[in-house]
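Chemist: Going down the list, the sequences are from chains A and B. If you use the numbering used here, the first sequence closes out at 387, no skipped numbers anywhere. If you use the numbering used here, the second sequence closes out at 370, no skipped numbers anywhere.
None of these hints come from the bench; they were simulated from the model. Hints should not be assumed to be uniformly reliable.
Straight line, CA to CA, 25 Å or less: simulated SDA-like cross-link-like pairs of lysine to any residue [what the hints assert, rightly or not]: (1) B:Lys332 with A:Asp80; (2) B:Lys56 with B:Ser319; (3) B:Lys249 with A:Asp73; (4) A:Lys326 with B:Asp112; (5) A:Lys326 with A:Ser75; (6) A:Lys326 with B:Glu203; (7) A:Lys326 with B:Lys249; (8) B:Lys249 with A:Gln76.
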Amino acid sequence: MSSLPSTPAKVPFYRNLTALKWALQILALLLVFALLFWLYSNYQENISKSNIQTDLRFLDNPANFTIPGNDFDQSQPVRDAFVQGFLNTIRVSFVGIILATILGTLVGIARLSKNFMVRTLGTVYVELIRNLPLLLLITFMNLGVVLQAFPRIEDAWVPFDLFVVSNRGIAIPWYLGPTGQLVLIIFAAIVIAFVVGKLRIRQADKSGTQDRAWVYGFVVFAIVLIGSWIIFGYSFETPFVEGRGTTGGLRIDPSLFALLASLVIYTSSHIAEIVRGSILAVNRGQGEAADAIALSGSQKMRLIILPQAFRIAMPAIGNQYLNLIKNTSLGATISYFELTQVAQITVGNGSPAVPAFTLTLLVYLGISLTTSLVVNYFNRRLALVER
Amino acid sequence: MKKRSLQIVAVASAAALFLAGCATADEETTATTTTDQGTTTETVVEAAVSVLDSVKEAGTVRCGTRDALPGFAVLNDAGEHVGFDSDFCRVIAAAVLGDASAVDMVDLETADRFTALQSGAIDVLVRNTTWTATRDGSEAATFLQPTFYDGQGMMVASNSGIDALSDMSGAIVCVAKGTTTEGNAALESSRLGLNWEIRSFDETDLILEAFLAGQCDGWSSDVSQLTGLRSAYPNGADELLILAEVFSKEPLAPAVLDGDTAWAQAVNWAVLATIQAEEFGITSANVDSIRSSTEDVGILRFLGAEVPGSDGAAVLDPSLSLPTDFAYQIVKQVGNYGEIFAKHLTPLGLDRGLNSLWNDGGILYAPPYR
Chain A
1 MSSLPSTPAK
11 VPFYRNLTAL
21 KWALQILALL
31 LVFALLFWLY
41 SNYQENISKS
51 NIQTDLRFLD
61 NPANFTIPGN
71 DFDQSQPVRD
81 AFVQGFLNTI
91 RVSFVGIILA
101 TILGTLVGIA
111 RLSKNFMVRT
121 LGTVYVELIR
131 NLPLLLLITF
141 MNLGVVLQAF
151 PRIEDAWVPF
161 DLFVVSNRGI
171 AIPWYLGPTG
181 QLVLIIFAAI
191 VIAFVVGKLR
201 IRQADKSGTQ
211 DRAWVYGFVV
221 FAIVLIGSWI
231 IFGYSFETPF
241 VEGRGTTGGL
251 RIDPSLFALL
261 ASLVIYTSSH
271 IAEIVRGSIL
281 AVNRGQGEAA
291 DAIALSGSQK
301 MRLIILPQAF
311 RIAMPAIGNQ
321 YLNLIKNTSL
331 GATISYFELT
341 QVAQITVGNG
351 SPAVPAFTLT
361 LLVYLGISLT
371 TSLVVNYFNR
381 RLALVER
Chain B
1 MKKRSLQIVA
11 VASAAALFLA
21 GCATADEETT
31 ATTTTDQGTT
41 TETVVEAAVS
51 VLDSVKEAGT
61 VRCGTRDALP
71 GFAVLNDAGE
81 HVGFDSDFCR
91 VIAAAVLGDA
101 SAVDMVDLET
111 ADRFTALQSG
121 AIDVLVRNTT
131 WTATRDGSEA
141 ATFLQPTFYD
151 GQGMMVASNS
161 GIDALSDMSG
171 AIVCVAKGTT
181 TEGNAALESS
191 RLGLNWEIRS
201 FDETDLILEA
211 FLAGQCDGWS
221 SDVSQLTGLR
231 SAYPNGADEL
241 LILAEVFSKE
251 PLAPAVLDGD
261 TAWAQAVNWA
271 VLATIQAEEF
281 GITSANVDSI
291 RSSTEDVGIL
301 RFLGAEVPGS
311 DGAAVLDPSL
321 SLPTDFAYQI
331 VKQVGNYGEI
341 FAKHLTPLGL
351 DRGLNSLWND
361 GGILYAPPYR
């Protein structure tokens, strides 16, 4: 032992791997900050030379423009226009996420179908759509489909006297009655359905029968909704063509339709691939075990495969949600009044560009981070809890 | 805990990044110009240097313009900019550099035009831009002598049964995005209680598509633009009708960056010279013969020719930082106001109207050159 050299000489810091790694990281960070500082000081200098506003006072100026599908008045402040743009962005994002998830899941499952037709259709859909640029898809949907393939208002298509479809928008039947109360009713119906479902699961666990909690929940939801609908005197109003527009019902702006359709189609093609991959990633043994206890095909999918697949898919699908939200900004190219369009128009009407777009960036960042938080929450709920 | 702190760092760096993004946004517009980047950044950084000097040094005027407005600025088959606005870009180049062809035409989106001016990506903006108080005040732009006095109007399909604005209750009106047009239409709609749905589009081409497909009842813009668009309508100009009502004042004027008097004066007098030349009756055809034969002192001064005086012949130099023969170069190489108008706007069916000389019933009036 004593023949071995004593402790090796201390490694100098410039050959110490840990120190080197730290030094590189710090250097990289410094470079990034130096770049940011340089850009920011340039901005400050350029701004100070010209007499441009840099604060948010412009939000109080009158907007001087109107927003279609909205009673927003041109004398209201720019602030309100931004709020309307924000709401429109949220509207498209919310509906888009729900529809894209449903369509994407269905196509994803179809891709794994044993039926040749279904499987091929799924593959063609995914490979066609996800290989197209989204902007092109939106432009085509607007110029090619909505403007040209939809009928003019003079010969609008009125299926069952319920809808009015023309290139000036799609009008659908809509409820008549107070909105806030309806939201409360729907919320209450969901809560009651949820409670009934839980009770049903507890009962089924005791008796050892199938719970069918979703069926119970849905029936209860429908009963509560329809019951309150009648009790509180809500009714439907169907749209009809009047002059060169439609009256009654809810009119979906043509650009909203084009944007929503493109976003849903595009995002669903990506979600389909994630769903397909996640289903394949579920351990083979799980499916075989389901077969062994004689679950039907649909039970196997609903009860065994999909719950585990979604656990795998959740983070990736969350990314697609974020993409969809950010992609709503492309609506500005087809004149849908979401946040970006509002920002562009207000800048064109005299608001200072840098603060206006900075504000817009911050709002998008806020929406995206909030979505991330929600997705992460569900992800944590879904993740395997190891005890 | 670690994850949480990572998220905070992520948010902080995102915030820092977009601050940087704000600064780069300006620089990116610079990147769209075709001229060398060196001069661009320098004009931005050095406040004391007038654009006039950087233009002379670069040997070209970077003129913010567009490429798809018939009559004002369109690309011809050779890819050159042709039109009323394009010619005023050339007027400025002829005045400052003595060469009407020394222009870099920088095509801009309507919504980008002021950012391009503020960032120094262009030297002057001649792009159908209405002079308004807000733009003058908060866009860091100085507006100069208007080249065209316009007003906003409404164009409809001839067979629509619409004869006046009052027939357009609840109509869908299509306009270009980021212009005064939106505001004027919104104001007119609320003033007349017509409840228009106003849709804004990025490009005239897109409005045309929507209009052809019957998505729009009305197409609102400056009457001059509507006239140009009508003349180029694919189904024939007779399909369209421009209503008689005009509901706004739209003085279209060139604009330069605030705080650069020398450059502003140079551009201003270049435009004024075209008006003065028409008043004197000087055209590109007769400018040489007038210059050599006239004895009118006013004309000689204006053209930068020697004026005989008590102490020998002298050339008037009003110290505008322009060559003394700038007016001669303008008229010789481009033409006077009337010629430019006749060349580009008369074929569209536009009348001189307000844009006649002051002694001919219009409001074009150049200060004396002495």
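Chemist: Compare the structure with each hint and give your call.
Modeler: Hint by hint, here is what the structure shows:
A hinted pair counts as satisfied when its Cα atoms are at most 25 Å apart, and B:Lys332 with A:Asp80 does not qualify at roughly 53 Å. For the hint pairing B:Lys56 with B:Ser319, the CA-to-CA distance comes to about 16 Å; that is within 25 Å, so the pair holds. Between B:Lys249 and A:Asp73 the CA atoms are separated by roughly 22 Å; this keeps the pair inside 25 Å, and the hint holds. The hinted pair formed by A:Lys326 and B:Asp112 meets the criterion: a straight-line CA distance of about 22 Å does not exceed 25 Å.
At roughly 29 Å between alpha-carbon atoms, A:Lys326 and A:Ser75 are farther apart than 25 Å, so this suggested pair is violated. Distance check on the hinted pair: A:Lys326 and B:Glu203 sit about 23 Å apart at the alpha-carbon level, within 25 Å; holds. For the given pair, A:Lys326 sits about 39 Å from B:Lys249 by alpha-carbon distance, which is inconsistent with the 25 Å threshold. Note on B:Lys249 and A:Gln76: the hinted pairing holds, with a Cα-Cα distance of about 23 Å set against a maximum of 25 Å.
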